[in-house]
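S.K.: Each chain, letter by letter, is given below.
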Amino acid sequence: MENFLIGLFLATLIIALFTTRLYRLLMWYSLNSLTLGALALLIGSRLDDGAMLLTGAATLVLKGGLIPWVLKYLSRRFGLRRQITPNIKTQYAIMLVPAILVFTFYLAEPISHMVAANANNVAISISSLFLALLLMMEHTNIAPKIVGFLMMENALFLLGTTATEGMPMLVELGIFFDLLMAIVVINLLLRHEEAAS
Amino acid sequence: MMLTVLLLPALIMFAASFWRTPNARRLLPATSVAILVPIVELFRLPKPYALWRDYLVADDLNTYILLVSSIVGIGVTLALLTLQKHVTVTERAYRRFYRFFALFWVGLIFSILANHMGIYWIGLEMATLSTVYMIKTNHTPAAHKEAWNYMIVGAIAISLVLFGIILIYASAKPALGEDAMLFSALQSRSGVIRAPFLFEMGFAIVTVGMFVKMGFFPMNLWLANIERASFYPVAALFSGILESAVMVGFFRFSRIADSVNHAHLFFFVFVYALLTLFIVAFLIYRSKDFMRLFSLSGIEHMALIALFWVSGGTFAALLHFGAHAFLKPALFLSTGVLESQGRYHIAGALRGYKGVKGTLFWFLVSLFMLAVISLPPSPMFFSELYGFGAMIDAAKQTHHLLAMIGAIGLLLVLLSVIFYRFVAVYQSMKYEGETVEKEVYASELWALLLFAAALVMLLTPSGMAFLRSVA
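Sequence lines, in order, name chains P and C.
For reference, each letter of the first sequence is one residue, going 395 to 591 in my numbering.
For reference, each letter of the second sequence is one residue, going 56 to 526 in my numbering.
Simulated from the structure, these hints should not be mistaken for laboratory data.
Take these hints with a grain of salt, some might be off.
[What the hints assert, rightly or not] Label-pair distances were calculated between CB atoms; the ranges are:
1. P/492 / C/524: 49 to 59 Å
2. P/405 / C/242: 33 to 43 Å
3. C/314 / P/445: 50 to 60 Å
4. P/477 / C/273: 51 to 61 Å
5. P/582 / C/114: 33 to 43 Å
6. P/501 / C/341: 35 to 45 Å
7. C/425 / P/501: 27 to 37 Å
8. P/481 / C/341: 38 to 48 Å
In this text, a Cβ means the ideal position worked out from N, Cα and C, and glycines have one as well.
So here's chain P without its partners, still in its complex pose:
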C-alpha cells in the first residue's frame, strides 16, 4: 500500500508537468498532497507515531484543501492567465522525465548497500525534487512556478516521512508555518501587481 501511494505521488507530479491549464494543475497539486497525507497517516499508524498522524492530517487539510483553494481564489481574483503552456515541448519532456528517474536511482544506488530499507524512497524523493524544479523551469508564468515550489515542499515531506520515518514535530510544524507565511507573501505580491496595473 505504501509503495502504491508513493507511485501515485510520483504519477501526479509527472502528469502535472504536462498540464496546460492552471486549475487542472492545482487539482494535480491537491491530489499530490492528498496521497502524501494518506502516506503519512499510513506510516504513522504503522509506527504508532502520534506526531506523524497529526502532520498527515494537517497535510490533508492544509495542502490538499486549503492551499489549492486559496491559490484558485487568488488566481480568479487577480485574473491570472489560465492557459499555461510549458516551454519544454512534450516530446522532450517525455524523454527528460525517465532520464531524471534513472539518474536519481543511480545516485541513490550506493545508499542501498548502507541502509537496508527505504533506499528507493530516497531515490523517488530526489527525483520528485528534480521534477518539481523542472515544473518551475518549464513555465514562464508565475502561478505554475508557485505550484512547482509547493510540489517541491511535498517532495521534501515525502523524504521526511519515508526515509526518516518522521521528522521531529517541531520541524514539521515550523514548515507548515512557513508555508502559510509564503502564501501570505504571495498574496501581498499579487495584490501589488493589481495595484500597479
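Mind docking chain C on chain P? Use the hints.
M.R.: For chain C alone, kept in the frame of chain P given last:
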C-alpha cells in the same frame, strides 16, 4: 528570559510598525541598541549556554556572529531614519518595511543561535520570506520583478537546504534517534553515522543551497540584481545579516562534514569557491554601478571565508567575516547618499560634500572602499594573510603543496583584478566628473561611525584574542 530580552527589540519594532505616526520610527534605533545588553551578558556567561533546552544554545562562535549581526541591525535602523530624504518612499511602505524587518530579525536570531538543524532552517526560511516583502516596498516594476525572482530562487535554495538536512538526519537517525537533529550531537558523535554516503550527499545538497543563497557559481548575478532593485538598507541587511546567518550554518555543517570526510569537504568547497572567484573577479571588472560592485565583492568575500574555514583557518575566516559584515553594510548605506543625485554616476560621486559632516562622510567612505580591497591596516588584510597561511599549512599535511601554491597564485591574480577595479572606481569618484552639491544627514554618519568603531574593535588585541579563542 535571556531569549525574551534578545527578541524584545524586534517585537517592539513589529508593534511600532502598526503605529501610524511618523515619530514612531525615531524610537527604533534606541530600542535596537538595547539588544546589546543581553549579548554582552551572553559573552560573560559560561559557554555553551542553553537559551532554550538543546534547541537554542549560545557558544563563542554564534555569540560573536550575533554581536556582529546586531551591530549591523542597529546601523541599518539608524540609516533608515533618513531614507526618505534620498528616495521616494511612502509612510505606509515605511511601516511595512519595519514590520518585515522585525520578522526578519526574529528569524535570524533563531537561526544564528540554533543548535537544531530544523530550527536553523525555520529561522532562515522566515528571514527569506520576509525579505521578499522588504524588496517589494520599493514601488518600481524592477523591484516587483526581483521580489518574485527572490521568492522563487530563494525558495529553491532554502528547499535544497532542507532536503539536505533531511538526508543528514536520515543518515544519523538510526544511531542517534531524534538527537540527530542537533548540531552538537552530530558533531560529537559523527563516528556513529553509518551511512557516510547519505550524509555527504545531504551535506552537498545543503551546501549548494547555501551557496546559491549567497550568490556563488552559477547564480552570481541574482543577488546583485535584487540589491540593485531594492532600497539601500535591504542590501545592507542582506550582506550584513542574512549572509552571516547562512555562513554560520555553513560553519556548523562543514565541521560535521570535516569529521566525516575531510578530503571530500575540502575538495568540494575549494573547487566551488575558486570557480566562483574566477567568475566574480571578471564580473566586478565589468560592473558599472556601486550596488553591483559591492554586492559582487560580497560574494568574493564569502567565497574566501568558506575557503579559509575549510582550510582550518578559523581565525582568518572569522576575522574576514567580521570585517565583511561591517564594511559591506557601511558601503551599501553610503551608496544611498552617493546616488541621491541620480543613479549610476561613479565619476565625481565623492565630490560636492560640504562642511564637517560632508568631509567626514567622504573620508569614511574612502576608507571603507580601500579597506574592502584589503589595504592594510584593514582587518581584511590580516585575515587574508592568515588565511593563505592556513591554506599552505593544510596543503603541507596532504602533500599537495605545489597545487596549493598554484591555486593561491591564481587567487592573488583574481584578487588583484578586483583591487585594480576598486582603485580605478575610487579615483574616478574622487578626481573626475562634475561637482554637484549633496547632502549628508547625521543619522547616516552615526551609522558609518558605528561601523568604523566596530572595525577598530576587531583589530584591538582583545578582539583578536577573542577570535583566536573561538576554535
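S.K.: None of the hints should be skipped; say for each whether it holds.
M.R.: Hint-by-hint comparison with the structure:
Between residue 492 of chain P and residue 524 of chain C, the C-beta spacing of about 55 Å keeps the proposed range 49 to 59 Å intact. Hint check: residue 405 of chain P to residue 242 of chain C, Cβ distance near 41 Å, so the stated range 33 to 43 Å holds. Under the hint 50 to 60 Å, the C-beta atoms of residue 314 of chain C and residue 445 of chain P, about 30 Å apart, miss the expected range. In this structure the hint that residue 477 of chain P and residue 273 of chain C lie 51 to 61 Å apart at CB is violated, the actual value being about 31 Å.
At roughly 37 Å, the beta-carbon separation of residue 582 of chain P and residue 114 of chain C lies within the given 33 to 43 Å, and the hint holds. One distance hint, 35 to 45 Å for the beta-carbon pair residue 501 of chain P and residue 341 of chain C, holds here, with the actual separation near 37 Å. In this structure the hint that residue 425 of chain C and residue 501 of chain P lie 27 to 37 Å apart at CB is violated, the actual value being about 47 Å. Here the CB-CB span from residue 481 of chain P to residue 341 of chain C is close to 29 Å, at odds with the stated 38 to 48 Å.
In the structure shown, a violation is registered for the earlier hints numbered 3, 4, 7, 8, in ascending order.
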